[in-house]
Amino acid sequence: MAIAFREETFRDDFTFRNSREGIRRFPFPFHEDKYMYAVNIEPHVPGAKDTAYEHLIDVDEHYVAEMQDRALVLQEDPLRCQALPHMMSAQWDTLELLMEQQARGYPEAFTLTRNGDRWRWINRPMGIDHTFTFGDPSTLPFEPMEYITRQAQGDFCIVDQRDGNLWMDAGIVTTQADWSLDFDIGMNFMEWHGPVPLAHEVGVFDRALKFLLNLQQGKPVRRLNWTMTINPRLDTSPENYPKWGPDRATVTPQNVGEKAHLRVELQSLWRLPRSNAILFVIRCYLISMGELVTVPKWARRLPRVLRTLPAEIADYKGLTRYRQTTVDWLSKYDDGAATSAGFFPD
Amino acid sequence: MSINTDMPVRVAAVTEVAERVKRFRLESLDGAPLPFFSGGAHVVVSMQDDGRLRRNPYSLMSSPHDPSGYEISVLRVEQSRGGSAFMHEHVKAGDRLVISQPVNLFPIDHRGRKHILLAGGIGITPFIAMMEQLSREGRAFELHYAVRTRTHGAYWKNLQERYGAHRVKIYCDAESLFIPTATLLEFQPLGTHLYVCGPGGMIDGVLNQARQAGWPEQNLHCERFLAPPPGKPFRIVLQRSQKEIAVEEHQSILEAVEAAGIDAPFLCRGGACGQCETAIASLDGVLEHNDHYLSEAEKAAGRKLMICVSRFKGPELVLDL
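These protein sequence lines are chains C and B, in that order.
The numbering used here numbers the first residue of the first sequence as 1 and each following residue consecutively.
The numbering used here numbers the first residue of the second sequence as 347 and each following residue consecutively.
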């Protein structure tokens, strides 16, 4: 069925909303009533129909609006998209992967026709019909990674693998939870995870790195991460902190249901064939507290998770200032009943 | 949950290329393209040898940009544990085999400004695909290829014709020509990367010389094709599966585990990648660590074992499997 793409904004008047179906397919990240860091990695295989996991690269009702927001971010700050020179074959790998996956999952929206190195790409929601030569960047209006990721939801980082480590050597990052590609570019896995509290001590990153170094072609994996954002703003970047940081002081018991959003990242990791690099897809989903409590199981679970969250994690995620207000508001929807195991609505 | 991404393939052609070396061309059953790969990658070939599962890793030597088929070269090892003998004696055009997805544990460093490839014997195979990639990308490279005799050396003529004698240099033991490693290591431009694949002694020798000459560790790359060494048979207990199994003289622990119908993770089957690291639940005896993955301290601690190549002597070994 064709997706009804919404006209909406992620800035200024913030008209972003989830439809009823959009709420049901939200990738709720808590499988139990508490949260702690873990190496929560699982195979990235197609999931149930009408969930965010149905296709390996998810396209939803926010696609067109998100791509417009990305174009605005890039116009204001071109450094959100960078690729070091040795990453060109990984860029082509990325273009191929995203075109193939989008065309496979959403044939009514995207079509890829390959004739040797001559490729034709049709993106109907964005009105694009382009024929180019795979491997020849001069036949595209942007470098291959930027070209395709201006047409794909989520942030994308391409990490090179060498010296027993992973290196953040290319990416496009415009929908991020307060981290900067321009700052992290060229860093290795341990360096870019440096600021995360608690997780280093329990060895999460050592284990995760070891796992990823052996990530296999044809076996992508995924994990969920989460934080909260005030107002449905995709671009919560360090570069733009003055624009969104103060929002956190605007939360009141009256507006928290509309203003506070759970922000979930569905991260998938793919071994790329030609370059042996790894593609990190960081796909961001937003849902307001008001939307979230329409699912009774989530309405019970989220206040319990937030209430018991260790202070270091709440601080790192930037929730401290409005955590209590949010818990108080959500608790009205928690009748104390037991919740079923797993992420999905009952 | 583990996903099986193994691919059934048809043997499209078998070609004798040199003494004891055969090349196999593998294509998908339905003619669909196989996945692209990067130079230096290998696949693990699964063979059904009279009811016995054999799995050997072989470097891909065809063009990484040609998904119509994969090519591997198999050296018939003198004391074959079974795999290379099976490939040489039993596998014919038209037969079916099962292969893993490509895995690259010997990739090109894409930052390199120049790439020097040192091959010994059958260690040439990953470099054939690498050169294809380097040449397509317009990178500077040179190959130094040591062979025992000109009839033993596979592919050297084709490679010289293809890339020119200035980039492909052959050194023949029988003619008392050896790779001039010391000279090679001198006077290379900054940003040069060195790759070596061949017998263990050659790899150790080259790497030691390079380190002594002041080469940074990050610019040195090697792939050892270590076959699981044989040893005296022993028994092990698999704690989670609640099984006691025998490991035969010419069998690795990993192979014995697989023969018992238990799925254990692996990638290289040569003691290099770390994927088959297995925790030891209890131990009464001596571990024989044969891998290149665990540190000396880890080996001494005796808590982990790389079951693809390592062995054991003693009354009891209980593995967390």
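Hints are not guaranteed to be accurate.
[To be verified] Here are the simulated lysine-lysine pairs, DSBU-like style, with alpha carbons at most 30 angstroms apart: (1) Lys-210(C) <-> Lys-650(B); (2) Lys-503(B) <-> Lys-210(C); (3) Lys-317(C) <-> Lys-210(C); (4) Lys-317(C) <-> Lys-297(C); (5) Lys-503(B) <-> Lys-515(B); (6) Lys-589(B) <-> Lys-503(B); (7) Lys-34(C) <-> Lys-332(C); (8) Lys-578(B) <-> Lys-515(B); (9) Lys-460(B) <-> Lys-210(C); (10) Lys-650(B) <-> Lys-219(C); (11) Lys-645(B) <-> Lys-210(C).
[Claimed, not checked] Some chain B residues flagged as far from chain C (calculated, every beta-carbon gap over 10 angstroms): (12) Gly-386; (13) Arg-422; (14) Val-444; (15) Pro-448; (16) Pro-453; (17) Arg-457; (18) Leu-530; (19) Gln-585; (20) Lys-589; (21) Ala-605; (22) Gly-620; (23) Asn-636; (24) Gly-660.
Think of the hints as simulated: they come from the structure by calculation, not from any bench.
If you're wondering where the values come from, they're calculated on a predicted model, not measured in any experiment.
We put the beta carbon where it would ideally sit given N, CA and C, even for glycine.
Keeping to a limit of 30 angstroms between CA atoms, is the pair of Lys-317(C) and Lys-210(C) held or broken? holds (25 angstroms)
Beyond 10 angstroms from every chain C Cβ: check whether that's true for Ala-605(B). holds (23 angstroms)
Is the nearest Cβ of chain C still more than 10 angstroms from the Cβ of Asn-636(B)? Nearest chain C Cβ is 19 angstroms from Asn-636(B), so the label holds.
Next pair to validate is Lys-578(B) with Lys-515(B); report whether the Cα-Cα distance is within 30 angstroms. Given that 30 angstroms is the threshold and the Cα spacing comes to 42 angstroms, the pair is violated.
Take a quick look at Arg-422(B) and tell me if its Cβ sits farther than 10 angstroms from every Cβ on chain C, holds or violated. holds (29 angstroms)
Taking the closest pair, is the beta carbon of Pro-448(B) still more than 10 angstroms from chain C? Label violated. Min Cβ-Cβ 6 angstroms, cutoff 10 angstroms.
Say whether it holds or is violated: Lys-589(B) keeps its Cβ farther than 10 angstroms from all Cβ of chain C. holds (26 angstroms)
Pairwise hint evaluation, Lys-650(B) against Lys-210(C), where the allowed Cα distance is 30 angstroms at most: holds (15 angstroms)
Claimed clearance of chain C by Gly-660(B), with the beta carbon kept past 10 angstroms: With a cut-off of 10 angstroms, Gly-660(B) remains clear of chain C, as the shortest Cβ separation is near 29 angstroms.
Does the structure keep Lys-460(B) and Lys-210(C) at a Cα separation of 30 angstroms or less? holds (29 angstroms)
Run the distance test for Lys-503(B) versus Lys-210(C): straight-line Cα separation, threshold 30 angstroms. Violated, at roughly 40 angstroms.
Holds or violated: are the alpha carbons of Lys-34(C) and Lys-332(C) at most 30 angstroms from each other? holds (18 angstroms)
Figure legend: structure checked against the earlier numbered hints; hints not met, in rising order: 2, 6, 8, 12, 15, 16, 17 and 22.
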